[in-house]
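Colleague: Below are the chains, spelled out letter by letter.
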Amino acid sequence: MSMSRRFFLKSSSALAALSFIPNSVKAFYQDVKEKFFVKKQMIPIQLEINKKQYSLTVDSRATLLDVLREELNLTGSKKGCDHGQCGACTVHINGEQALSCLTLAAMAQGKAITTIEGLADGDNLHPMQEAFIENDGFQCGYCTSGQIMSAVACVNEGHTGSVEEIKEYMSGNLCRCGAYNGITEAIQQVAK
Amino acid sequence: MKPFEYTKPKTVREALSSATRHSHYIAGGTNLVDLMKKEIDEPDKLLDITNTLPDQIEVKDNGVVIGAMVRNTAIAVNKIILESWPLLSKAILKGASPQIRNMASAGGNLLQRTRCPYFYDLTLPCNKRKNGSGCGALKGNNRMGAIIGYSDACVAVHPSDMCVALAALDAKVNIQKADGSEETMNFLDFHRLPGTNPEKDNNLPENALITSIFVPKNNFSKHFEYLKLRDRESYAFALVSVAAALDMDGNQISEARLASGGVAHKPWRWTKAEDFLKGKQATAENFAEAARIAAEDTAPLSTNAFKVPLLKGAIETALHTCLTNKA
Ligand SMILES: Cc1cc2nc3c(=O)[nH]c(=O)nc-3n(C[C@H](O)[C@H](O)[C@H](O)COP(=O)(O)OP(=O)(O)OC[C@H]3O[C@@H](n4cnc5c(N)ncnc54)[C@H](O)[C@@H]3O)c2cc1C
Ligand code: FES
Ligand code: FES
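Chains C and R are the protein sequences, given in the same order. Take 1 as the starting number for the first sequence in full-length UniProt numbering and just add one per residue. Take 1 as the starting number for the second sequence in full-length UniProt numbering and just add one per residue.
Don't take each hint at face value.
[As the list claims (entries may be wrong)] With a straight-line Cα cutoff of 20 Å, these simulated SDA-like cross-link-like pairs (lysine to any residue) come out:
id, chain 1, residue 1, chain 2, residue 2
1, C, Lys-192, C, Gln-109
2, R, Lys-79, C, His-159
3, C, Lys-52, C, Gly-95
4, R, Lys-37, C, Cys-81
5, R, Lys-2, C, Val-38
6, R, Lys-8, C, Gln-41
[Unchecked claim] Partial list, derived from the structure: chain R residues whose beta carbon lies under 8 Å from chain C:
id, residue
7, Phe-4
8, Glu-5
9, Thr-30
10, Val-33
11, Asp-34
12, Asp-48
13, Thr-50
14, Ser-97
15, Gln-99
16, Ile-100
17, Asn-102
18, Met-103
19, Phe-214
20, Lys-217
These are calculated hints, taken from the structure and not from any lab test. As the structure is a prediction and not an experimental result, all values here were calculated from the model. Note that the Cβ used here is the ideal one computed from N, Cα and C, for glycine as well.
So that you can see chain C by itself, here it is in the shape it has in the complex (with noise of 0.2 Å):
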C-alpha cells in the first residue's frame, strides 16, 4: 500500500502545482486513479436459504454459487462450466429455476433460496430425488443436483405433456454422461 500512498501522494499534490493542465489531461488521470486504484469491496448481506437465515461478509464479485459451496458448504450445488451454459448450479431463487453462478450473491438478497439441501423433508427424500434413483436418472451424479432442481421445476409449472415438452424445458441442464433417458422418465412418474 505504501508504494500506492506514495504515488497518490506525489500525484495528486503535483495535479494541484500544475493548475495550468488542460481538463483533458485531468479527466485522463481521473480515468487512470479510477480504473487502477478501485479497491474490493466487502458488503454484508442476509441470505435465506432452505429456509434458514445467513448473516456474512461478501466480496461484491462473489456468485451465489461461491458463497453457497465455499462460505457456507453447502456443496451440492455443483460449478460445472460458471458461464451459464450447463445447468449444474440452478437452484430456486423465489420458487424459480435460476443459475446461482451468474447470479451475484448481493444480489440474492431478500429472496427465498432453495438448494438441492432443501428439498428433503428430513430423512424423507423429494419424490424427484426417489425417482431419479428408481429411473436411473444419472450416471457419475455431478449434474444431478441441478437437474433435479430443474426436473422440480418442470413439473410444477406443468411442462410434462410429452417428452418432446420435458426435453425442451429441461434443455437447460447438460449430463456428460448422457443419463438423458432416466431424468425423463423419473420426471414423467413423478407427473402422473
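Got chain C; can you put chain R with the ligands on it based on the hints?
Modeller: Okay, now just chain R with the ligands, sitting in the frame of chain C:
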C-alpha cells in the same frame, strides 16, 4: 473479475446520476456477469436496477408496454401477450434455457453482446472488443457470422431471439437519458450496423436507461411463426431464425412481416420481401419468391454460404407455418 463497487439505486434519477463512464447497470446479470468473469467487461461500479425499473406489463388502447425489468419468462407466459402478441412469446421461448429466461430482463435482452468467438477470446483480434485490433472473423472462423449488413471491421451478429420478434412487430424502445430527458426510439433504429465503429452495438446514449418497450396492436395474432435453426435442438444460438407474420383477408395477404436473427449485426427486416407479399395470394410460389427476394441481397462470408439456402428454406417454411399456426 476486477473489483467493483456494488450499489442499488432506489430511483431512476438516482441510478442515472450515479452512472459514470466506468459503471454498468445490472439487471438479470446473465450476460454481464459472464462478460465480467471473462474480463471482457470491467466496470468498477455496478448499479443494480432490479428494483429501480418497472416490472409490469401494461395494456394500453394502442398496444402494450413491457417494463424493462419484466423477466423474459414473465413476458412469454403472460396471458395478454399470448393472446395478442403470440409471436413475441414464441420467440422468447426459443431463446436460452428456462433458468436464463427466468433471470433475464426485457431491457437486458436488447443489450446482450454478440456471441462471435473472437469477441470472447481476449487473445484474438476483435474490433468490437477493441476497435483497431482487427476483425479475426472476417477471414477466419465466420461460420456463425453475418450474411448482410456487415463491414470489413465487423461481421458479428446480434444473438437475440426476442429482438427479432420485436423488430417484426415494429416495437418502440422508451429510454431515459443521463440528463433525465426521455426519448422513444423505433426498434429498427435501436440497434445499428457495425460500419467503422463496431464497439457500439446500438444507439442508446451513454448511461441512458431503457425504461420500457412498447409493442403496438396488430392483426398478426392468427398467422405467425418464429422458426429458429441451430446446431442442436434447443439451448443454442440461432444460425438463422425467421419471425414471420401475416395479416390475411381470405387467402390474400393484406400485410406481411419478415425478420431474421443470426444474419446481421442487428435484427434484420426483409422489407422488400414484405412489400412483394402485400396484396398477393398466399401460395407456395409467392412464398418461394419472397424467400428468393430476401436472399438476393445477402453476401455470405468465406465459411457461411450455407446460411443463404438455410435462410430461404426457413422463410418459406415459416410462411407456410403461418397459415396453420394456431395461437
Ligand atoms: C448460455 C446462454 C445461452 C443463451 N441463449 C440465448 C438464446 O438462445 N437467445 C437469446 O435471445 N438469448 C440467449 N442468451 C442471452 C440472454 O437472453 C441474455 O443474457 C439476457 O437477455 C440479458 O438480460 P439480463 O437482464 O440478464 O442482462 P444483464 O446481463 O443484467 O445486462 C446486459 C447489459 O445490459 C445493460 N442493461 C440491462 N438492463 C438495462 C436497462 N434497463 N437499461 C440500460 N442498460 C441495461 C447492462 O448494463 C449490461 O451491459 C443466452 C445466455 C446464456 C448465458
Ligand atoms: S455452473 Fe452455472 S450453468 Fe454451469
Ligand atoms: S450423471 Fe454424469 S454428468 Fe450427468
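Colleague: If a hint holds in the structure, say so; if it does not, say that too.
Modeller: Results of checking the hints against the structure:
1. Lys-192/C to Gln-109/C: 35 Å, violated
2. Lys-79/R to His-159/C: Holds, because 17 Å separates the two Cα atoms, which is no more than 20 Å.
3. Lys-52/C to Gly-95/C: Judged against 20 Å, a Cα distance of about 15 Å means the pair holds.
4. Lys-37/R to Cys-81/C: Holds, at roughly 12 Å.
5. Lys-2/R to Val-38/C: Holds, at about 9 Å.
6. Lys-8/R to Gln-41/C: 14 Å, holds
7. Phe-4: Nearest chain C Cβ about 6 Å off; hint holds.
8. Glu-5: 5 Å, holds
9. Thr-30: 5 Å, holds
10. Val-33: 5 Å, holds
11. Asp-34: 5 Å, holds
12. Asp-48: 6 Å, holds
13. Thr-50: 7 Å, holds
14. Ser-97: 3 Å, holds
15. Gln-99: At 5 Å from the nearest chain C Cβ, Gln-99/R passes the 8 Å test, so the hint holds.
16. Ile-100: This hint holds: Ile-100/R lies near chain C, its Cβ roughly 6 Å from the closest one there, short of 8 Å.
17. Asn-102: 5 Å, holds
18. Met-103: 5 Å, holds
19. Phe-214: 26 Å, violated
20. Lys-217: 29 Å, violated
Figure legend: structure checked against the earlier numbered hints; hints not met, in rising order: 1, 19, 20.
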